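2 protein chains.
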Amino acid sequence: MADFTPIGIAHSPFRKAGAPPFQSLFSQAEGRIEIFPEYQEGLMSIDGFSHLIILSHFNRAERQALMEKPLSDGETPHGIFSTRHFNRPNPIGISYVALNSIDKGVLHVTGLDLLEGTPVLDVKPYIPAFDSIPHAITGWVTDRHIENIRKTSIRAQQEIIKNQKSQ
Amino acid sequence: MADFTPIGIAHSPFRKAGAPPFQSLFSQAEGRIEIFPEYQEGLMSIDGFSHLIILSHFNRAERQALMEKPLSDGETPHGIFSTRHFNRPNPIGISYVALNSIDKGVLHVTGLDLLEGTPVLDVKPYIPAFDSIPHAITGWVTDRHIENIRKTSIRAQQEIIKNQKSQ
Numbered sequence: 137m138a139d140f141t142p143i144g145i146a147h148s149p150f151r152k153a154g155a156p157p158f159q160s161l162f163s164q165a166e167g168r169i170e171i172f173p174e175y176q177e178g179l180m181s182i183d184g185f186s187h188l189i190i191l192s193h194f195n196r197a198e199r200q201a202l203m204e205k206p207l208s209d210g211e212t213p214h215g216i217f218s219t220r221h222f223n224r225p226n227p228i229g230i231s232y233v234a235l236n237s238i239d240k241g242v243l244h245v246t247g248l249d250l251l252e253g254t255p256v257l258d259v260k261p262y263i264p265a266f267d268s269i270p271h272a273i274t275g276w277v278t279d280r281h282i283e284n285i286r287k288t289s290i291r292a293q294q295e296i297i298k299n300q301k302s303q
Numbered sequence: 137m138a139d140f141t142p143i144g145i146a147h148s149p150f151r152k153a154g155a156p157p158f159q160s161l162f163s164q165a166e167g168r169i170e171i172f173p174e175y176q177e178g179l180m181s182i183d184g185f186s187h188l189i190i191l192s193h194f195n196r197a198e199r200q201a202l203m204e205k206p207l208s209d210g211e212t213p214h215g216i217f218s219t220r221h222f223n224r225p226n227p228i229g230i231s232y233v234a235l236n237s238i239d240k241g242v243l244h245v246t247g248l249d250l251l252e253g254t255p256v257l258d259v260k261p262y263i264p265a266f267d268s269i270p271h272a273i274t275g276w277v278t279d280r281h282i283e284n285i286r287k288t289s290i291r292a293q294q295e296i297i298k299n300q301k302s303q
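So the sequences go chain by chain: G and R.
Everything in the first sequence is counted per my numbering, starting at 137 for the first residue and increasing by one.
Everything in the second sequence is counted per my numbering, starting at 137 for the first residue and increasing by one.
Source of the hints: derived by calculation from the structure; they are not laboratory data.
Treat the hints with care, as some may be off.
Part of the chain R face toward chain G, derived, beta carbon under 8 Å [claimed, not checked]:
1) 137
2) 175
3) 193
4) 214
5) 262
6) 264
7) 268
8) 272
Cut-off 27 Å, straight-line C-alpha distance, at most; resulting in silico cross-link-like pairs (DSS-like, lysine-lysine) [unchecked claim]:
9) 205(G) with 240(G)
10) 205(G) with 240(R)
11) 240(G) with 240(R)
12) 287(G) with 298(G)
13) 298(R) with 152(R)
14) 301(G) with 287(G)
Reference listing, derived: stretches of chain R covered by chain G, where coverage requires no fewer than 3 residues with Cβ under 8 Å from a Cβ of chain G [stated by the list, open to error]:
15) 141-150
16) 221-233
Values in this document were obtained by computation on a predicted structure and should not be read as measured data.
Glycine included, every Cβ here is placed at the ideal spot set by N, Cα and C.
Start from the sequences and build out the full structure, keeping to the hints where you can.
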């Protein structure tokens, strides 16, 4: 067993399950990562990084599925470890956000793909030499699939903006 | 609280704390990710991906530190969330490995930076459109720092190969 205690919480415009964009790099949503007071010392010298990796706990996910249909594009189920679906045995999400500013333990970011209130487990600096593999080959995930996810993510954001304006 | 149950275990040539390369992209170490039988169905259609993301539990890490000196290069401590040090409040590691082959629930991989026996929490496919940010800016982490980590990682592997030959 591995027991983790959240270090913070995500604040996002996405409030309904299924509403967030499917991938953070396709999201222009602004939001906040609030780091709890007892962990804020750990943010020292984070301000120089343009992008951060946020590990989060998809605490509303189902954890039983070993096969899932992709969130966008496709009727064919795939093994859960060959998809990025949030319903997975250990529902830990990886988001990449652009860091805009920091204000007393609150990271103001662009690129959220998390629901409001999602527990944050870790923050790491994104370092291209460690994290970027531009040439990786993507198996069953085709350019068309990626384009569908991009479009669905953009629609998800437009929906939010429309709702915010009508309130 | 977030409770996770390992889905597998890493088998690696690195057996002593401090021995593994510091970043998986600088590692040429071959090893195995053994997925436990009850989760093996989740590997379906993973064979087409060249690189996988492995989330692991650094179960030998200290979890108290909020400030750490970088593993290589430097006397100046930084906030833990602006480093990739394994001693962090929730010691979840991100490794990127190249998938060589699969044999009944065992992933044969290149690029391990994990100790033998490290619990594996999740496997995700690496998808450049989702995960690669080549232009990210790296704050206090300079090219010299990255070069030192690369050199230290190569030395760590040579040490292992030397030890294996002398056995």
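So, going through the hints one by one against the coordinates:
Contact between residue 137(R) and chain G, as hinted, is supported at the beta carbon level, the nearest pair being about 6 Å apart and thus within 8 Å. Look at residue 175(R): its Cβ gets to within about 6 Å of chain G, closer than 8 Å, so that hint holds up. Interface hint at residue 193(R): satisfied, since its Cβ lies 4 Å from the closest Cβ of chain G, which is below the 8 Å cut-off. Taking 8 Å as the C-beta contact cut-off toward chain G, the hint placing residue 214(R) at the interface holds, the least distance being around 5 Å.
Using the Cβ-Cβ criterion of 8 Å, the hint placing residue 262(R) at the interface with chain G is satisfied: the shortest such distance is roughly 5 Å. Interface hint status for residue 264(R): upheld, as the beta-carbon distance to the closest one in chain G is roughly 5 Å, under 8 Å. Interface restraint check for residue 268(R): the shortest CB-CB distance to chain G comes to about 5 Å, inside 8 Å, so the restraint holds. For residue 272(R), the interface hint holds, since its Cβ comes within 8 Å of a Cβ in chain G; the closest pair sits about 4 Å apart.
Proposed proximity of residue 205(G) and residue 240(G) is contradicted: the alpha carbons are some 41 Å apart, above 27 Å. With a C-alpha separation of about 23 Å, the suggested pairing of residue 205(G) with residue 240(R) holds against the 27 Å cut-off. Using a Cα cut-off of 27 Å, the hinted pair residue 240(G) and residue 240(R) is violated, with the two alpha carbons roughly 50 Å apart. Our distance criterion of 27 Å between C-alpha atoms is met by residue 287(G) and residue 298(G), whose separation comes to about 16 Å.
Under the criterion of a C-alpha separation no larger than 27 Å, the hint pairing residue 298(R) with residue 152(R) is consistent with the structure, at around 15 Å. Taken as a hint, the residue 301(G) and residue 287(G) pair is honoured in the structure, with Cα atoms around 21 Å apart against an allowance of 27 Å. Counting residues of the stretch 141-150 of chain R whose beta carbon lies closer than 8 Å to any beta carbon of chain G gives 3, which meets the minimum of three for the stated coverage. Check result for the stretch 221-233 of chain R against chain G: holds, 6 residues qualifying (beta carbon to beta carbon below 8 Å, three or more required).
Consistency note: the structure conflicts with the earlier hints numbered 9, 11.
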